[in-house]
Amino acid sequence: MLEKIPVLKCCTKCNLPETYETIEFDIKGVCNICRSAEARDDNTDWGERKKLLDALIEKHRGKAAYDLIIPFSGGKDSTFQLLYLMREYKIKPLVVRFNHGFMRDTIAENNLRTFKKLGVDVIEFQPNWHVVKKLMLESFKRKTDFCWHCHTGIYSYPLRVALMYQVPLVFWGEAQADITGYYDHLNDEIEYEDDKKFNMIRTLGITAEDMHDMINTPEDPVDVRDLTPYTFPPVKDLMKMRYCSVPLGSFIPWDYKNNTEEIKRELGWKADQLEGVPDELNPHGEKIECFMQGTRDYIKFIKRGYSRVSQISAFDVRSGRLSTEDAVKLGAEFDGQKPPSLEIFLEYMGLTEEEFNTIVKPMAIPPYDHKFDAKGDAVKTWDFDKFYREDNRPK
Amino acid sequence: MIGIIDYGAGNISSVIHACGRVGEDAESFSEPSLAVGYDRLILPGVGSFRMAMEQLNDLGWPEAIGAHVKSCKPLLGICLGMQLLFDEGDEDGPTLGLGFISGKVGILQTKASHRIPHVGWNSLNSTQTHPIMEGVKDHIDFYFVHSYQCVPVSDENVLARCDYGGKFVASVAKGSVVGMQFHPEKSQPAGLRILQNFAEWDGQC
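Residue numbers (the working numbering), protein chains in the order written: chain H, 1 to 395; chain Y, 1 to 205.
Keep in mind that the hints were calculated from the coordinates and are not lab data. Hints are supplied without guarantee of correctness; some may be wrong.
To be verified - Calculated cross-link-like contacts (lysine-lysine; reagent style DSSO-like; alpha-carbon spacing at most 30 Å): (1) H:270 <-> H:329; (2) H:240 <-> Y:186; (3) Y:174 <-> H:240; (4) Y:104 <-> H:59.
As the list claims (entries may be wrong) - Which chain H residues face chain Y? A few, computed with CB under 8 Å, are given here: (5) 8; (6) 235; (7) 236; (8) 240; (9) 242.
No residue lacks a Cβ here, since even glycine has one placed at the ideal position from N, Cα and C.
Assemble the whole structure, with the sequences as input and the hints as a guide.
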């Protein structure tokens, strides 16, 4: 008997499926994220927003040890936000990077070049790898998302540094409203990277306190202070210095393709291969800062039936650079291939592939029903053999 | 530092906590002579008008609060604390209030279909701008729990009204004195914004 493959309902414009986080479709079958992007382009008075940005910068200029904090991964978005703010406003920022542990060589080179060309102070924080591994396994088992340490760390740690230096202004990159429906562009509002957003989106519903209780075992105790980098700083302290933590994407239209062209031209920034995505689809260097990205995207495909190619295509459709028909074809052809980095992930976690599949499959979002081994393997990226290996599987 | 008047009838810990959320240190104090040490005072209140006034009078609060107001320092009355700002209330029998704002406090005038007390979320319709309401959009919901309403003599003292089977005064101001019939400390971001505005307001308007 032939098994029926469920067909996912997809946005008639960008082709993102019904399994996409926060997605809804209107009567014409167009999704809320497309509609929000239309509202952003049609209704936002970017001239007014730019004046708000001017005022915000001037309000904070010269008032603290640094004018502002720029959280920085080294990817295309944070590199652009650093370039833009330094170029447009001649400000003195402190760049803060939370190192998730999987930085790739091209990014390291890009960053060094960027910092030297721009002339800027940089702080990097590298968290305890033993704790990171425990956090990865715990959040993978509970949420099939092994990136809890990164989601929380990249948002909480820079705010902790802002507190340490008493710098109230913190500028992030793209607005969440450009990506999901947790926030949208319909009400002409500025987004804030505050505790509300942190608890709604970044923590996956697991607080650092809960996480400590989960990973702190008699056999392998974890100091509660090891969770501090992942904990949102005390709101009272942040409010006391009247912190303002906002995405630059709320003040200028975030055109990631043009942004990438600018950082390539002005800083010599280089894109890189991305596991599971054909090079020609990713010239703007989406998601190249982490060598676990391919595995992350693979998990997304097992759960939701779409992945990075579809997401990149959706952006291209919304910005008028790709047709819906081509987006459908590209997603069907390339999404869902098994990434070579999966092996490295399994080694870190001490899991077999069967155990991995057993953890992910029950967390699939209906009606998607994944068939393993249907799409073949993705090719290795050029730097695959340089990735740190550590085999923790039982011998 | 914001001083929260502790006269035995208050929702004090939630007010302290809400002040902390907007980065303001707040503490309760129960000795009227200490009032002079605070730039801003909050008068909370849960219970009846008569009982609250008796407690305030017994402990000598009206003089201390009066001196604070006389020196144009900000005072915020919340819920019953707002009602106490008026000349007189008739809950449990006619009782004189603190008399900072002219008017009386009487039972909530509403339709028979509307239960008293008025409990829950309801939206404000602002009647004038004021520093205390800065950044608070109109028609945003706030949290109410009350059976009585303030009836100011002058509309000039009214900042916002609310509709609960009939319009009633939800917020008042006169000089450095403001009052909220709803609970800003329990009203999510908009309520916190009001507390932040209060913390930044110099009492001038």
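Each hint, compared with the structure:
At roughly 27 Å between alpha-carbon atoms, residue 270 of chain H and residue 329 of chain H fall within 30 Å of each other, so this suggested pair holds. Of the pairs offered as hints, the one joining residue 240 of chain H and residue 186 of chain Y holds, with about 20 Å between alpha carbons and a cut-off of 30 Å not exceeded. Distance check on the hinted pair: residue 174 of chain Y and residue 240 of chain H sit about 28 Å apart at the alpha-carbon level, within 30 Å; holds. A hinted pair counts as satisfied when its Cα atoms are at most 30 Å apart, and residue 104 of chain Y with residue 59 of chain H does not qualify at roughly 44 Å.
The restraint placing residue 8 of chain H at the interface with chain Y is violated, with a minimum CB-CB distance near 36 Å, outside the 8 Å limit. The interface hint given for residue 235 of chain H is met, as the beta carbon of that residue sits about 6 Å from the closest beta carbon of chain Y, less than 8 Å. Of the supplied interface hints, the one on residue 236 of chain H holds, with its beta-carbon coming within about 4 Å of a beta-carbon of chain Y, less than 8 Å. Interface hint at residue 240 of chain H: satisfied, since its Cβ lies 4 Å from the closest Cβ of chain Y, which is below the 8 Å cut-off.
Interface hint at residue 242 of chain H: satisfied, since its Cβ lies 7 Å from the closest Cβ of chain Y, which is below the 8 Å cut-off.
Figure legend: structure checked against the earlier numbered hints; hints not met, in rising order: 4, 5.
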